[in-house]
Amino acid sequence: MHHRLLLLRRGAMSIPPPPAPRMPGVAGGRLFASLPPPPPLQSPREVHVWYLCPDELIDRSQLDMYTELLSPSERKNALAMNGPRLQKDAMLSRALLRTTLSRYTDANIDPRSFEFKKNKFGKPEILWQSDESSMEWPLHFNISHTSSLIACGIAMDTPIGIDVEEKKRKTVKSILSLARRYFTPLEVDYLAKISDSDAQQREFIKLWTLKEAYVKALGRGFSGAPFNRFSIQLETNSRIQISKATKVCNDSASGCDYLSENWRFALAELNSSYYMSVCIEDNSRGLYSLFFLM
Amino acid sequence: MAALSAVVSAKLACTAATSSLSWKGGRTTTATARRGLVSFRSPRFRVFCAAKAETVGKVMQIVQKQLALGDDVKLAPESKFTELGADSLDTVEIVMALEEEFKITVEEDNAQSITTIQEAADLIDKLAAGS
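Residue numbers (this note's numbering), protein chains in the order written: chain U, 309 to 602; chain F, 10 to 140.
Bear in mind the hints are in silico, worked out from the structure with no lab data behind them. Ideal Cβ positions, reconstructed from N, Cα and C, are used throughout, including at glycine. Treat the hints with care, since some could be wrong.
[As the list claims (entries may be wrong)] Partial selection, computed: residues in chain U whose CB lies under 8 Å from chain F:
id, residue
1, Ala388
2, Thr479
3, Val480
4, Phe530
[Claimed, not checked] Pairs of lysine-lysine residues, derived as DSS-like cross-links and limited to a Cα-Cα distance of at most 27 Å, are as follows:
id, chain 1, residue 1, chain 2, residue 2
5, F, Lys74, U, Lys475
6, F, Lys83, U, Lys384
7, F, Lys61, F, Lys89
8, F, Lys74, U, Lys514
9, F, Lys89, U, Lys481
10, U, Lys384, U, Lys425
11, U, Lys384, U, Lys396
12, U, Lys428, F, Lys89
13, U, Lys481, F, Lys67
14, U, Lys476, F, Lys74
15, F, Lys83, U, Lys481
16, U, Lys478, F, Lys67
17, F, Lys89, U, Lys384
18, U, Lys396, F, Lys83
19, F, Lys74, U, Lys396
[Stated by the list, open to error] Output of the computed footprint for chain U on chain F, the stretches with three or more beta carbons under 8 Å from beta carbons of chain U:
id, segment
20, 72-84
21, 95-102
22, 118-128
Use the sequences and the hints to build the structure in full.
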């Protein structure tokens with residue numbers, strides 16, 4: 309039994325042409341060179357991550373076509389972002405999601421037709437229409453972006469959380485002050501022992517992305533699952549371990565019943581500039597290997 | 010009378026978002042009635058004050074610094090952090106900076122309700138008044 313984590317890069321997203329007008333002899337011309345169908349998600353232990361760098365997508369007409377895939381509310385939300393760069397990132401983020409989902413339904417579902425709902429903590433999920441019951445796919449997704457990279461993780465039959473961050477992201481506050489305020493004592497000790505400040509900063513970013521990936525996989529987000537109630541430990545054999553911070557949990561009024569420890573983590577480097585953490589639920593026992601395929 | 014009006018104006022420059030004044034109507038409020046502040050007929054009125062402009066201004070400064078926003082970016086009280094490009098790490102740094110600046114502690118359930126500059130300022134004034 310293996311976990312497989314595939315990291316896949318897209319330079320352009322494939323978009324099926326809009327439904328062709330009923331005119332004899334006119335083929336609905338393909339707008340883009342299509343990407344080959346993605347490798348299938350073979351098991352709930354497999355996660356695929358597709359990512360793109362917005363700075364590489366500068367063709368205006370291509371961007372307009374991606375924008376056309378979005379729902380009116382997605383367009384409205386994207387335009388509410390402050391400035392053209394943030395607006396573009398927001399549009400591309402939704403376009404990446406829609407085109408990716410479409411490809412994992414064997415392109416049976418047009419990217420434009422997906423609908424989404426949010427859980428009570430605001431995590432987006434696919435909303436399947438009742439007349440598509442034959443077309444329901446047990447697909448789970450999660451998106452993360454930095455200013456220069458947008459990633460979309462896809463899994464089958466398991467909730468997923470993903471977080472990307474620039475390795476060298478500088479914080480305004482010191483690493484240890486952030487850790488003391490938001491992390492557990494165990495994690496603070498781990499960071500405090502690292503004497504080289506660059507290395508300490510990188511380990512902080514790793515922990516941050518892992519914790520984010522976890523609370524996003526749980527579907528609760530940062531406010532729904534405070535970071536100081538669970539610890540993530542990076543062990544020397546590359547195992548990533550999660551545990552509840554029992555003292556804080558016992559002391560807190562709301563407790564930590566929502567925290568579970570049966571989650572698997574993967575930590576990867578992207579393009580040598582980013583850390584990416586992926587978290588999926590783990591219901592099976594046994595040994596696992598993690599593969600990173602580019 | 011001077012003392013009473015000083016109390017009235019201090020209360021009206023209120024520091025909490027939802028502070029309310031209720032005045033039991035009647036002759037005891039004669040002095041303020043002359044100033045047109047209260048009607049005899051209505052036994053109570055409520056005054057809602059937004060956070061002080063000063064607080065909003067300071068929040069804007071902190072957000073501008075944290076998100077490295079250029080001077081060309083126009084911040085408004087209703088500006089949403091996410092729309093300004095803040096991710097969760099930015100948001101926690103903003104919260105920490107607000108805690109240090111205003112000497113307050115923001116619990117996680119409160120942090121959830123801070124999505125705009127105005128909401129942050131309202132919470133700050135509420136916490137600062139309560140402590």
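- If any of the earlier hints don't hold here, list their numbers in rising order. Hints that this structure does not satisfy do not exist here, as all of them hold.
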